[in-house]
Each structure stands twice: as structure tokens, then as C-alpha cells.
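Fit the two chains together into the complex; they arrive one by one in their own frames, and the hints show the way.
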Amino acid sequence: MNYPTIFSITESKIDLDDLLAKITLDSTGAAAIFTGMVRGITARSDPYETAYLEYESYKPMAESKMRQVADEIRERWSAIEGIAIVQRIGKLYPGAPTVLIACTAAHRDTGVFEAARYGIDRLKEIVPVWKKEVGPTGEEWVEGDYIPKAGQC
Amino acid sequence: MNLTVKLFATLKDKAQANQLVLELEQQLPTVQDLLSQIVVQNPSLASSMKSILVAVNHEFAFSEQILGPNDDIAIFPPVSGG
Chain A
27 MNYPTIFSIT
37 ESKIDLDDLL
47 AKITLDSTGA
57 AAIFTGMVRG
67 ITARSDPYET
77 AYLEYESYKP
87 MAESKMRQVA
97 DEIRERWSAI
107 EGIAIVQRIG
117 KLYPGAPTVL
127 IACTAAHRDT
137 GVFEAARYGI
147 DRLKEIVPVW
157 KKEVGPTGEE
167 WVEGDYIPKA
177 GQC
Chain B
-16 MNLTVKLFAT
-6 LKDKAQANQL
4 VLELEQQLPT
14 VQDLLSQIVV
24 QNPSLASSMK
34 SILVAVNHEF
44 AFSEQILGPN
54 DDIAIFPPVS
64 GG
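Going down the list, the protein sequences come from chains A and B. Residue 27 is where the first sequence starts when you use our numbering, and the numbers rise one by one after that. Residue -16 is where the second sequence starts when you use our numbering, and the numbers rise one by one after that.
Chain B extracted, bound-state conformation (with noise of 0.2 Å):
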């Protein structure tokens, strides 16, 4: 399955992209299973995946929610506005 995967603040400048297309060979991959195949496809990420933050389809998400073609993804650092 290919996901596309928004990124923002610090990971956008790391990463050089807006956004990634991941291919995860999982059925029903999770976030946890997208996590891991972001360092792998993009080791300048691995730093930062500590404190990763994951929204799906505007909402926090979690290692084990499963997740789908048609989710709106994203990962970011904590936010800072204000």
C-alpha cells in the first residue's frame, strides 16, 4: 500500500519535501509499521523520531491504529505556537 505523508517545521527541512509516498508492504499497516518505514526510506528523519507527533485525518494518532489510502497523514515535531 502507498501513503502520502505531510510533514512540517523542523521535519520538512530535514527531509527537503513537503510530503513522502511510503510503500509499506503491510495489509493493514499502523502507524507504528508507517514510522518505521519513514527511517528506513528517509534516514535524515531518524533523528527527529523520537518525538514525532502523527495525525490522521485531522487527529491525533497512535502506534496502533491502523491506517488507510484514503487517510490524510502527517507527521510533525510538538507544536510551538502561540
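One chain only, chain A, in its complex shape (with noise of 0.2 Å):
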């Protein structure tokens, strides 16, 4: 069977329903959305405030490593159906969606919460994006801290 499995990076907004539908099949039940948005206030330890955030990507080796999170997904949790990964790019305001996993299965119980959490978590180690946080005070890069090592990246 072949399930469908998009990824993509881009400068649009990011659609929901339309990437639910295209992930939804006659044999699906469920889906598990995860969506991460621009914070305005960050209230965590030092507080602070965001303007905006100005995304970049390596866009061919992103999509490339998009793919592969899919692949793990898959391998992990066999009964997820389709899977959606998009990371939008570009400069984006507090409130803005800016990434989305989903993922669907027939059934709630199949590991489909956690094939999405562990997609989000996996795009954050492995897939090239950076995004630069600009605030009241000045702009500054944003470092991830994972350092992928041979055989497991």
C-alpha cells in the first residue's frame, strides 16, 4: 500500500485542511496535528520579547531530511497511514504557524501521538533550518544544540 507522505518547505501559509485531506484516507480514524507558532512572549527563565522570527533553509538537503523523518516515522510505527511535514520559512509575526507534523492512522491507539511528537523532535535535530529572533533590543541566531554523529543522523 502506498500511504502519502508530504514534506515541503515554504514561504506560504501553512494550510491544515487542506494537507488533513490530502493524508486522510477511506481507511483512516485518526490524525495527531503537532504546530509550533511564532511566541510573542517568552516567559521561561529570562523573559523577553519577539518581533518577529526570519526563517532560512537549505532547501534541498531540508526536504531531503524531511524524508528521512518520514522514513523513521514509518519504521517506528507501522500502522501510520500518511504524514505531513512542512516547515514554512521567510519572515514570520507572533501567532504565525510556522512548522506542522501530522500524522494519521485508523486508530487513535496505534502510536499516532507519538509518531507526531517524535517528527517534531526529529525535525528539530536533523533538518536544516535556523531561524534569526528578532526583538525590541536587537536580532540574534537562534543555535539548536544537537550535533548529529555517525551513524545515527
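Honestly, I wouldn't trust all of these hints.
Said to hold, decoys possible - Okay, the calculated bits of chain A under chain B, using three or more residues with CB under 8 Å as the criterion:
(1) 76 to 88
(2) 112 to 125
(3) 147 to 161
(4) 164 to 173
As the list claims (entries may be wrong) - DSSO-like cross-link-like pairs, simulated, lysine-lysine; straight-line CA separation at most 27 Å:
(5) B:LYS(-3) to A:LYS158
(6) B:LYS33 to B:LYS(-11)
(7) A:LYS158 to B:LYS(-11)
(8) A:LYS85 to B:LYS33
(9) A:LYS175 to B:LYS33
(10) B:LYS33 to A:LYS39
(11) A:LYS158 to B:LYS(-5)
What the hints assert, rightly or not - A short list of chain A residues far from chain B (calculated; beta carbon distances all over 12 Å):
(12) ILE35
(13) LYS39
(14) GLY66
(15) ALA105
(16) THR136
(17) GLY177
FYI, nobody ran anything at the bench for these hints, they're computed from the structure. Beta carbons are placed, not taken as given, at the ideal position from N, Cα and C, and that holds for glycine.
Printed below as a string of C-alpha cells:
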């Protein structure tokens, strides 16, 4: 069975309804969706405000790594039907969804929640996208902390 | 051998360039040779080298990997998407 897998880096608004329709099959009864958005006010630890984020990607590698994330999800949760992984790039303001991972399955007790969680965690490790944080006092590139190692990247 | 290396995020800003052309004297240069030469030719990137990631043909690459003139090479900081 050929299940739908969608992955893209886009400058356009993320269209959840359209993506969900594309990964919903006749046999689908459950979808777990994670989406992240630009946070205007960060309260955790040292509070700060964000005016906007500017995202950049290494597009051909990013899309190749998104495909890898989808493959890894399917290896771990065989019940997953459709997968959509979308990262929006460009200048994005507070409230705007920036990323979406959606997994579908026949039922909710199939690992579909865990699969979506794995998808966003893995995207943040290996998909080459970076964001520059712009606030009232200046701008700064955000750097992740995951260093891939040979054999596990 | 001349190798072209794409730069992203902080590295692009620090080098003020989207890519670098590096001249390597080794016949079979490795990723490590490339990184050493980057610092020689672009001291502004020295402070970023500790946590730099290297990609060759859209896959992560490590110190001992040998590079060829047709490889698609990029260097960048740890990713921060999402």
C-alpha cells in the first residue's frame, strides 16, 4: 500500500485543512497534529519579547531530511497511514504557525500521537532550518544543540 | 583542488558571503582538511568552528570523509527550525 507522504519547505501560509485532506484515506480514523507558532512573549527563565522570526533553510537537504524523518516514523510505527511535514520560512510574526507535523492512522491507539511527537523532535535535530530572533533590542540567530554523530543522523 | 562551500545562518553573516571557494593542497582532502582551511582563509569563522556541522551531498559528513570537486558541500550551525 502506498501511503501519502508530504514534505515541504514553503514561504506560503500552512494550510492545515488541505494537508489533512491529503493524508486522510478511506481507512483513516485518527490524526495527530503538532503545529508550532511564533511566540511573542517568552516567560520561561529570562523573559523577552519577539517582534518576529526570520527563517532560512538549506532547502534541498531540508526536504531530503524531512523524507528521512517520515521514513523513520514509518519504521517505528507501522500503523501510520499518512504523514505531512511542513516548515514555513521567511519573516514570521507572533501567532503565525511555522511548522506542522501530522500523522494519520486508523485509530488513536496506534502510536499516532507518539509518531507526531517523534516527528517534531527529529525535525528539530536534523532538518537544516535556522531562525533569527528579532526583538525590541536587537537580533540574534538561534542555534540548536544537537550535533549529529556518524551512524545516527 | 578548489571546493565551493555554502554557508548558512550565523556563518553566512560572519563571513558576509553565501559561499566560499577554498583552495586545498591535499590530493584527497578530508572534511577536517576543509575545516582547517576555512579558518585559515576566513578567521571570522574561527569562533564558530567548535559546533559546526558539515553536509556533503545533503547528508551529514564527518572528519575523515574524503571530498571531491563535484561534491555539494555546506557548513552551518546546529539547526534551530520548528
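Against the structure, the hints come out as follows:
1. With 7 residues bearing a CB less than 8 Å from a CB of chain B, the region 76 to 88 of chain A meets the requirement of three and the coverage assertion stands.
2. Closer than 8 Å: that is the beta-carbon criterion, and the region 112 to 125 of chain A has 3 residues meeting it against chain B, so the requirement of 3 holds.
3. Under the rule that three or more residues need a Cβ within less than 8 Å of chain B, the assignment of the region 147 to 161 of chain A holds, with 10 such residues.
4. Only residues whose beta carbon comes within less than 8 Å of a beta carbon in chain B count, and the region 164 to 173 of chain A has 7; three or more means the coverage holds.
5. With a C-alpha separation of about 14 Å, the suggested pair B:LYS(-3) and A:LYS158 falls inside the 27 Å cut-off, and the hint holds.
6. Distance hint between B:LYS33 and B:LYS(-11) is fulfilled; the C-alpha atoms sit about 18 Å from each other, no more than 27 Å.
7. For the suggested pair A:LYS158 and B:LYS(-11), the alpha carbons sit about 18 Å apart, so the restraint of at most 27 Å is met.
8. A C-alpha spacing of about 24 Å is found between A:LYS85 and B:LYS33, which places the hinted pair at or below 27 Å, so the restraint holds.
9. Proximity of A:LYS175 to B:LYS33 is assessed by CA-CA distance (about 14 Å); at most 27 Å being required, the pair is judged to hold.
10. For the proposed pair B:LYS33 and A:LYS39, the alpha carbon gap of about 36 Å is over 27 Å, so the pair is violated.
11. A threshold of 27 Å between alpha carbons decides the hint, and for A:LYS158 with B:LYS(-5) the separation of about 12 Å falls inside it, so the pair holds.
12. Distance to chain B contradicts A:ILE35 as a non-interface residue, since its nearest Cβ pair spans about 9 Å, not more than 12 Å.
13. Non-interface call for A:LYS39 relative to chain B: holds, since the shortest CB-CB distance, roughly 17 Å, exceeds 12 Å.
14. Non-interface status of A:GLY66 relative to chain B is upheld: no Cβ of that chain comes within 12 Å, the nearest being about 16 Å off.
15. Interface exclusion of A:ALA105 from chain B stands, the closest Cβ pair being 25 Å apart, more than 12 Å.
16. The beta carbon of A:THR136 is kept farther than 12 Å from every beta carbon of chain B, the shortest such distance being approximately 24 Å.
17. A:GLY177, annotated as away from the interface, has a beta carbon of chain B within 12 Å; the closest lies near 9 Å.
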